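Asker: One letter stands for each residue in the lines below.
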Amino acid sequence: MLTTLAPILLQATWETLYMVGVSLFLATTLGLPLGVLLATSGRGELLEAPLFQKLIGPIVNATRSVPFIILAVAIIPFTRLIVGTSIGTSAAIVPLTVAAIPFIARIIEGAIREVDSGLTEAAQAMGARPLQVVTKVLLPEALPGIIHGLTLTAVTLIGYSAMVGAVGAGGLGDLGIRYGYQRFRPDVMALVVVTLIVVVQAVQMFGDRLARKADKRNI
Amino acid sequence: MLRMYDRLGFAAAVFLYVRKRLRPMIRLSNVQKTYPARRGNDAHAALRGIDLDIAAGEIVGVIGRSGAGKSTLIRCINLLERPTSGSVIVDGAEVTTLSKRDLPLFRRQLGMVFQHFNLLSSRTVYGNIALPLELAGASKAEIAAAVDPLLPLVGLDDKRDRYPAELSGGQKQRVGIARALSSNPKVLLCDEVTSALDPETTRQILTLLKDINKRLGLTMVVITHEMAVVKALCDRVAVMDRGVIVEEGNVSSIFANPVHATTQSLLADEFMEFRAGTDAATDADASATISDGQEG
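So the protein lines, in turn, are chains H and P.
All residue numbers for the first sequence refer to our numbering, where the first residue is 1 and numbers rise by one.
All residue numbers for the second sequence refer to our numbering, where the first residue is 1 and numbers rise by one.
Read the hints as simulated data drawn from the structure, not as lab findings.
Fair warning: this is a prediction, and the values are worked out from it, not measured in the lab.
You may find that some hints are simply not true.
[What the hints assert, rightly or not] Derived SDA-like pairs: lysine to any residue, alpha-carbon spacing no greater than 20 Å straight-line: (1) H:213 with P:161; (2) P:231 with P:183; (3) H:136 with P:231; (4) P:186 with P:136; (5) H:136 with P:261; (6) H:216 with P:231; (7) P:186 with P:108; (8) H:136 with P:108; (9) H:136 with P:124; (10) H:136 with P:156; (11) H:216 with P:156; (12) H:136 with P:161; (13) P:140 with P:157; (14) H:136 with P:139; (15) H:216 with P:160; (16) P:100 with H:121; (17) H:213 with P:156; (18) H:213 with P:139; (19) H:136 with P:100.
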């Protein structure tokens, strides 16, 4: 049994890691500047842009309010526009990324707001320009928090990636539903669940280790 | 003919030298700072017309109780706070009219040291001291040339690659001082730099600052609420109360003949601490309780 299942399981695990990895990367690239702006664009803050903040806050909240499965279906036209198809592993990356961007933005906003405002003041007193304060002070100091947040996002995305099986994306969740549930194969279901546990555990441990390495506040 | 030009040249040189010596490094004229009214709070006048001249190479203390406006005053010098009105002239240039683009360039001429150190936890001692130079776009070699001699100056040769979390309070403040000096500033602004330190460490930091002033001829503005700091460090002192300077003069004459009530009460605090110190010296049990009280 294992010999026939092993290649399928391996394939599904790879698909999950691929979807989560790529969408985490894309969402971080887009969510990072958004998070920085959310944290610093308020009135009297570093990159003052109150209008932007008033506009972007509700959009971020709205995206986060939509249940993921509905979001994935609702943006199918957008997915088709970008990837050319709405079915398959690559297509699933679009809704995963869209869902993760506001999540990551809020996490990065929170991590930056945790940085002592005295450091911003000190940097400004040294003659740092606003962008330099962000790149030389805020982001390095917020890094442990950001890594924790990205780990959390990765684990959440692994959960979401199981749902995109519903739009034909493949991956571990899809394997569980099609083989384990629809074909009445509890052994496959168990295998999928165990694999997911192992993957999540590994991601969490890797993230924790990375965050600890970046954190110089308690040596 | 030639001799006349020589004389003219000499006169011009003398004129320039005298002007340079007479021109204050910092001149505050009628500086006011009012925080606008906010939900539930009335408008608050933190500074109500400050006039203060600080000569090059001088150490001037600004003393007052909390809320007197001394922190706002020092922040008006490097424009961390923008004065509501009045003029701030640093080394001959009006700075309140500087644009957002030019402001960082001006601030690089001033160093600032903080009560709570404000070191980056993610950078080593070396990295923290190098930061102002990095911000100014200095090369790796230039940074090393500036930072390496500062480490022995502040007594941190052996802590070069340590992180702030591994340092004591006094060592952290030494990093703070070295960082403020690394961009070779004209003025050092010290905001309650010893208030988070114990008495012995305070004494060491004050000695270090005095030493730096002598060696580099650096102008210093020292904000404090302790007369002992003024006595140990400053040439001149300005006493602040509720947003105005109520008394100003040489440290010795202010100590000998305090006129204003605020000055007298600040000196009374100092006397109490002095009494506590002598009592402690004669009574070991008392010293334990007193030092506990001071830390709290």
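Asker: All the hints need checking, so say for each whether the structure fits it.
Answerer: Hint-by-hint comparison with the structure:
Taken as a hint, the residue 213 of chain H and residue 161 of chain P pair is honoured in the structure, with Cα atoms around 16 Å apart against an allowance of 20 Å. Taking the CA atoms of residue 231 of chain P and residue 183 of chain P, the gap is about 28 Å. The hint is violated against a cut of 20 Å. Distance check on the hinted pair: residue 136 of chain H and residue 231 of chain P sit about 38 Å apart at the alpha-carbon level, beyond 20 Å; violated. Proposed proximity of residue 186 of chain P and residue 136 of chain P is supported: the alpha carbons are some 16 Å apart, at most 20 Å.
Taking the CA atoms of residue 136 of chain H and residue 261 of chain P, the gap is about 46 Å. The hint is violated against a cut of 20 Å. Distance restraint check for residue 216 of chain H and residue 231 of chain P: the Cα-Cα separation of roughly 38 Å exceeds the 20 Å cut-off, and the hinted pair is therefore not satisfied. Straight-line distance between C-alpha atoms of residue 186 of chain P and residue 108 of chain P comes to about 9 Å, which keeps the hinted pair within the 20 Å bound. At most 20 Å may separate the alpha-carbon atoms for a hinted pair to count; residue 136 of chain H and residue 108 of chain P meet this at roughly 16 Å.
Distance check on the hinted pair: residue 136 of chain H and residue 124 of chain P sit about 14 Å apart at the alpha-carbon level, within 20 Å; holds. Annotation: proposed proximity of residue 136 of chain H to residue 156 of chain P is violated, straight-line Cα distance about 23 Å (limit 20 Å). At most 20 Å may separate the alpha-carbon atoms for a hinted pair to count; residue 216 of chain H and residue 156 of chain P meet this at roughly 19 Å. Of the pairs offered as hints, the one joining residue 136 of chain H and residue 161 of chain P holds, with about 18 Å between alpha carbons and a cut-off of 20 Å not exceeded.
For the suggested pair residue 140 of chain P and residue 157 of chain P, the alpha carbons sit about 19 Å apart, so the restraint of at most 20 Å is met. Of the pairs offered as hints, the one joining residue 136 of chain H and residue 139 of chain P holds, with about 16 Å between alpha carbons and a cut-off of 20 Å not exceeded. Between residue 216 of chain H and residue 160 of chain P the CA atoms are separated by roughly 15 Å; this keeps the pair inside 20 Å, and the hint holds. This hinted pair checks out: residue 100 of chain P and residue 121 of chain H have alpha carbons roughly 15 Å apart, not beyond 20 Å.
Restraint check: the Cα-Cα separation between residue 213 of chain H and residue 156 of chain P comes to about 25 Å, which exceeds 20 Å; the hinted pair is violated. As the CA atoms of residue 213 of chain H and residue 139 of chain P are separated by approximately 27 Å, the hinted pair breaks the 20 Å bound. For the hint linking residue 136 of chain H to residue 100 of chain P, the alpha-carbon distance of about 19 Å falls within 20 Å, and the restraint holds.
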